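Student: These are the residues of each chain, in order.
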Amino acid sequence: MKKACLTVTVLFCFFILLFIYPLSSDARPIKVGIIDCYSGPAAVFGNDALNGFKLALEDINKKGVLGKKIEFTTRDTKFKVDIALNMAKELVMREDVDVLVGTINSGAALAVSDAVAKKEKVPFMVWISKSERITGEKGHRYVFSTGENTAMAGKAGGVALSKKPYVKYWVGGDDYSYGHDIANAAWRNLKALKPDVEMIGKSWWKPGEPDLAPYITSILGAKPDAVIFCTGGRSMTNIMKAIKATGMAEKVPIWVHTGTDHAVLKPLGAEGPEGVMGTMDYHFYYPETAANMAFVEAFQAAYGGPPGFPAFHGYITAHFIAEAYKKAGSVDKEKFIDALEGLKIESPAGELEMRACDHQVTLPMYLGVTKMSAKYGCVISTDIMTLTGDEVLPTCDEIRKARGK
Amino acid sequence: MFKDAFSLKSLILTGAIFFVLLILPPIIPRFYTYILAVIFVTALVAMSLNMVVGHGGLFQFHHGAFYGVGAYTVALMLTKTSLPIWACFVAGPIMAALVGLLIGAFCVRLTRLYFGMLQISLGSLIWAIAFRWYSLTGGDDGMHGISMPPIISSSNGAYYFALIIMAICITVIYLIFKSPFGATLQAIRDNPDRCEAIGINVRRHQLIAIVIATFFAGIAGVLFVVVEGSVFPDLLFWVFSLEIFIMCLLGGWFTFAGPILGAAIMVSLKTFVGIYTEYWTLILGIILILLIFFLPEGVWGYILEKFGSRHKEAIEKGSK
Amino acid sequence: MDIGQAFTFSALGSQFLVGLSRAMILFIVSAGMSFVLGVLRVPNIAHGSLYMIGAFSAFSLSNLLGGGSGGFWLALILAPFVVALVALVAERSLFCHLYEREHLMLLLFTFALMLILGDLVKIFWGADYRSIMAPDVLQGSVSILGAPFPRYNLFLLIVGPWVGVGLWFFSNKTKIGKIARAAAVDREMVGAIGVNVSWVFAFAFVLGCFLAGLGGALVSPMVSVSIGMDHDIIMEAFLIVTIGGLGNMWGALVGSLIFGLTQSYGVLFWPQFAIVFPYIAVVIVLTWRPRGMLKSVW
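Protein chains in written order, with the numbering used here: chain L, 1 to 405; chain D, 1 to 320; chain V, 1 to 298.
The hints are simulated quantities; they were obtained by calculation from the structure and are not laboratory data.
Be aware that one or more of the hints could be misleading.
Only pairs whose alpha carbons sit at most 27 Å apart, straight line, appear in this in silico BS3-like list of lysine-lysine [to be verified]:
1. Lys80/D / Lys119/L
2. Lys206/L / Lys175/V
3. Lys191/L / Lys251/L
4. Lys54/L / Lys295/V
5. Lys168/L / Lys138/L
6. Lys31/L / Lys62/L
7. Lys163/L / Lys371/L
8. Lys138/L / Lys163/L
9. Lys122/V / Lys266/L
10. Lys62/L / Lys371/L
11. Lys194/L / Lys251/L
12. Lys191/L / Lys266/L
13. Lys80/D / Lys138/L
14. Lys118/L / Lys326/L
15. Lys31/L / Lys118/L
16. Lys80/D / Lys118/L
17. Lys121/L / Lys54/L
18. Lys62/L / Lys333/L
19. Lys194/L / Lys206/L
20. Lys119/L / Lys251/L
21. Lys80/D / Lys401/L
None of the values given here were measured: they were computed from a predicted structure.
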């Protein structure tokens, strides 16, 4: 009985503390609220983005922005949409953040974009989630994207594949919205550029499915000219392993968006398959410009490994925020948004613009082929062809049409 | 029947709490209004589950499926059809109850663990369908920006709407609890064989209880859409169902009001501990272990035991 | 879709083998869950977490032991024991005190355990993706019936039945196995004849978790070892155990075969909706036989 009494008292005090814990006040810095996934298989990307963001802030806060420092606070959404909504609302209503940033989960991004960003009129910058709907048909004044999206990836894939002689395609991927979006975008673009291509079949598997061999064997049995795989971060390693184990890359050409993602290829080491085509919007080893090398070095020194594409997005997000506030001249949400539209910054990948018509950053796409690198002990992307942001983004007219204006 | 159901003491207490809740929104920060609204919705789901678990003794492991069906129904009807809003609101719980009837009919053929496992299987099928049928349900993106009339979609509006509906539903559940039907249900929970022996159709009673419970779960689903404005497949996922189950156990499943407290604790924990650490599932797990060992009758059950002698008998009987 | 191509003997045959190899891992994991379910009468929700710990342990052990082929084999053998140790600690320190309690408390405990273990894995190993390489002899593929069949899957086809045989031997021919089976059917009787039921439960739990760890270690070269693996496998294990018959290990085998084969054939015939096939199979089985295909232990 005594133990029970104690437990109840402890719990009670715990709850009171949680509720009345004072929020930090004083001279108000610029507050950025980050909702992202720090648990589960997506956590590796969430952590990477946060690290890129923190690295940029170190530099930015040396001089400050409008005489203030930029502070941030994070919330773990555990890849669940309802928690993301809760946390986003908490950040906006209780912590009173100036800018919301996040997340990798497309469902969460869309939900927060609508229920929190649009409703509460708080700018929300999406940095990893790749759904084209975020700045496309569901876009609005209060949401921005500093990451590439499925429309861009699809266009890059379509452009790249249209230059090849393949006609019969098999499309396969993770059975969720990201997989389908990539497939639709890629096929749409490919078919537009090369009308004689033919899709002879489709396969969809559970995201995270461990054994992809049955799918590969049945695809090989159909004898397509080429294969498009639309896998998300979770299944990427599995598909790479399965490709290597079945020797598929030697039998048929394959294109995978984010197939050349270092976070996936590095742990594979020598087990990474060679000869697979992949697109990415950031590589730490390409282009070897001074800006990129400096960024990579600083990141490596701070975090012990090279930056991935989420880190790159996090880094440019921080710079966009800082520059926008400087241009706006005050910590006002509406002025911040106005300043962001059309803003150009210098980044490790060159000059980037935050397009005014859809709030999408004009990121380039790098298309390459995997090959073993002795220097890095794993396969990396080689023979890289660069597509500029303008070449891969949907046009402003297409965006306006999608939004139904 | 009604006179016995309400004792003066508990009536005053509930009335006082209700009054406090009514006057809160202008006083407290907006975020707490929102969290309380979420608690109301969750409390209703937990109460509806406890109808079959605590009062009925069934292992309803996938109650969330019906909650999700209610939410998805109202969302789909609001976005895809132009039926008036009240029709959509009513369609939600009706659909949930229909699904409850269908799945319940499957499951009541079995008992205890089989019942639970079978329900998880069937409920997961619903989840898989919602997840995969992208063109209809938006798949794992979910549906967002579901339009609501402004009086109920604002922070305060959603709060009051949820509060009032929840209060009405809980009153109804209480009346059922105190009714002869409720008494039969509890008798079935305690000793199904004896009930069969005296001629009660156990299966039929259980099925009716499931249908009623899933109807209320559907109402909670509708409230969820009002408060959050979105639906997504997570609502149909088995982990969420287990969380609701735990809310009942946490609050005290042999008590009436226990699940409400359980829901409040879980929602608060998830939100407020999540603010301070990303390891809040670890904290939740530890708190659960503490509760299992030291407060097996649930928090509310413990409070009642200490301060109310009337429920003591029920709890003692239950924890055997 | 080209139906003609689907029905070639080669395609049918290779899909059969692939489905079978997938079923092997499912069998090992589900057998563990079934065993715990049979003796303790509680579905171990933390089973997936132990599977995940098995995979991570295999990763760490293989690195510790120098990587490469030798490291892998040793890791494969040792990882399940690590998991069994974790299970034993959890069981003896906390779980065993609940055996006298309300049944649902045990279920609640396994859920709490899943939450705790999930975060502990994140704290201990971090969020990055890990990968183990299969030993050289098991890499690549062989051509069976004209289709490439990964060597590692062949390995699973060999290991799976041996594990099954080992389990059968254990539960039918050893004293402790027989006692455990008896306790599954009538624990009071077993207690009455002087056996320490608590230790029987401990043994059953640890064995079940050992199998989960073994499944995790075996699957690790095929997937990315990452947090979140626990959620993937637990639902499948649940469903398999339900359709196989609660507590029945052969039922776990039957269930795994149904699962694995419906998925691999679903891929062949209707690849767009392959994800739904196992669920449909589950619904069909449960409509026809609500208690599962084979007789439950109790």
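Student: Of the numbered hints stated previously, which ones are contradicted by the structure, given in increasing order?
Tutor: 2, 4, 5, 8, 10, 12, 19, 20
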